[in-house]
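Below are the chains, spelled out letter by letter.
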Amino acid sequence: MHILLQVPQEEGQLGDLVAAIDGVLAREGVHPGVAHDVQLVTEEVVCNALDYGRIEGRQHEISVGIAIEGDLITLEFKDDCVAFNPLERPDPDLDADIADRPVGGLGVHLVRQLAEEISYAREGVHNVLRVVLRTEPPGRPA
Amino acid sequence: MNLSVQIQPANNGSQRVAIGGRLDTHSYQELDRQLAPLLASAIHSLVLDLANLEYISSAGVRSVFKARKALAARGGRLLVAHPQPQIQKVFDVVKAVPLNEIFSSMAEADAYLDAMQQKVLRGDEDE
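Chains as they are written, first to last, in this note's numbering: chain A, 221 to 362; chain B, 17 to 143.
Careful: at least some of the hints might be erroneous.
A few chain A residues that face chain B, going by a derived Cβ cut-off under 7 Å, partial list only [to be verified]:
{"hint": "1", "residue": "Ser283"}
{"hint": "2", "residue": "Leu292"}
{"hint": "3", "residue": "Leu314"}
{"hint": "4", "residue": "Val323"}
{"hint": "5", "residue": "Gln333"}
What follows is a list of derived Cβ distance ranges for each label pair [to be verified]:
{"hint": "6", "chain 1": "B", "residue 1": "Ser20", "chain 2": "A", "residue 2": "Ser339", "range": "36 to 46 Å"}
{"hint": "7", "chain 1": "A", "residue 1": "Asp313", "chain 2": "B", "residue 2": "Leu137", "range": "48 to 58 Å"}
{"hint": "8", "chain 1": "B", "residue 1": "Glu46", "chain 2": "A", "residue 2": "Ala246", "range": "38 to 48 Å"}
Hints in this document: simulated from the structure, not taken from any laboratory. Ideal Cβ placement from N, Cα and C applies to all residues, glycine included.
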């Protein structure tokens with residue numbers, strides 16, 4: 221199964237994009253817990269691309285490729301924003317005292333933790349972020 | 017589904033807020049707005065009932081963490097009750113709330129708060 225979704229890269233479009241992805245996953249019978257993680261990865265990646273990469277006054281487009289093969293879901297996010305590699309951001313210090321912990325910087329960390337595999341490439345004028353997730357949630361403690 | 021926030025009356029300095037639906041980049045500001053007056057009040061504990069929360073992203077976690085931080089700064093605490101598994105997982109990954117402050121039901125959270133309250137009262141009598 222392979223499908224490509226394209227939307228204008230605007231925060232207002234994120235809801236539509238997530239709903240479209242959710243529809244695809246439901247049709248393919250993907251576990252709702254995994255669908256949650258796919259929505260989460262999508263929101264974090266698209267918001268980051270907007271926050272760091274948007275060029276004022278220019279229309280950007282983002283495409284999301286979804287491929288389901290065996291027990292893996294591969295999401296490929298491609299945008300034409302400024303070069304931005306989210307994987308170069310430092311990990312937040314989650315064990316610092318609450319008074320010292322900054323409230324942000326959690327999105328990329330979440331995506332990395334949920335992903336089975338993740339890679340970034342700058343291909344011409346595009347940022348391409350590939351995120352692989354498992355279609356079955358890992359065994360949860362009873 | 018959008019965000020729903022139900023604020024229940026404060027009881028003994030403890031405030032319960034039920035959050036349902038989706039807490040994400042579109043809705044976190046609404047939660048911030050509704051929690052602001054509570055955080056500015058004299059409550060010492062805020063219990064977030066997440067039984068009906070279906071989705072959370074880092075923007076939502078940030079709001080919860082911000083509230084926890086504001087309460088911690090004045091000796092208060094934020095407890096989380098009844099998160100669904102997908103929400104619990106996100107909380108675990110980013111360590112938004114310590115595990116011993118997440119409860120599987122509102123009853124457990126209430127019992128914990130009662131025990132805390134008793135301890136405070138006993139402490140006062142000892143003075």
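Consistency of the hints with the structure:
1. Ser283: violated, 20 Å
2. Leu292: Violated. Min distance 19 Å.
3. Leu314: Where the cut-off is 7 Å and the nearest Cβ of chain B is about 4 Å from Leu314 of chain A, the hint holds.
4. Val323: holds, 5 Å
5. Gln333: With a minimum Cβ separation of about 5 Å from chain B (threshold 7 Å), the hint on Gln333 of chain A holds.
6. B:Ser20 x A:Ser339: 36 to 46 Å: holds, 38 Å
7. A:Asp313 x B:Leu137: 48 to 58 Å: For Leu137 of chain B against Asp313 of chain A, whose Cβ atoms are near 37 Å apart, the range 48 to 58 Å is violated.
8. B:Glu46 x A:Ala246: 38 to 48 Å: violated, 26 Å
Checked against the numbered hints listed earlier, the structure breaks hints 1, 2, 7 and 8; every other hint is satisfied.
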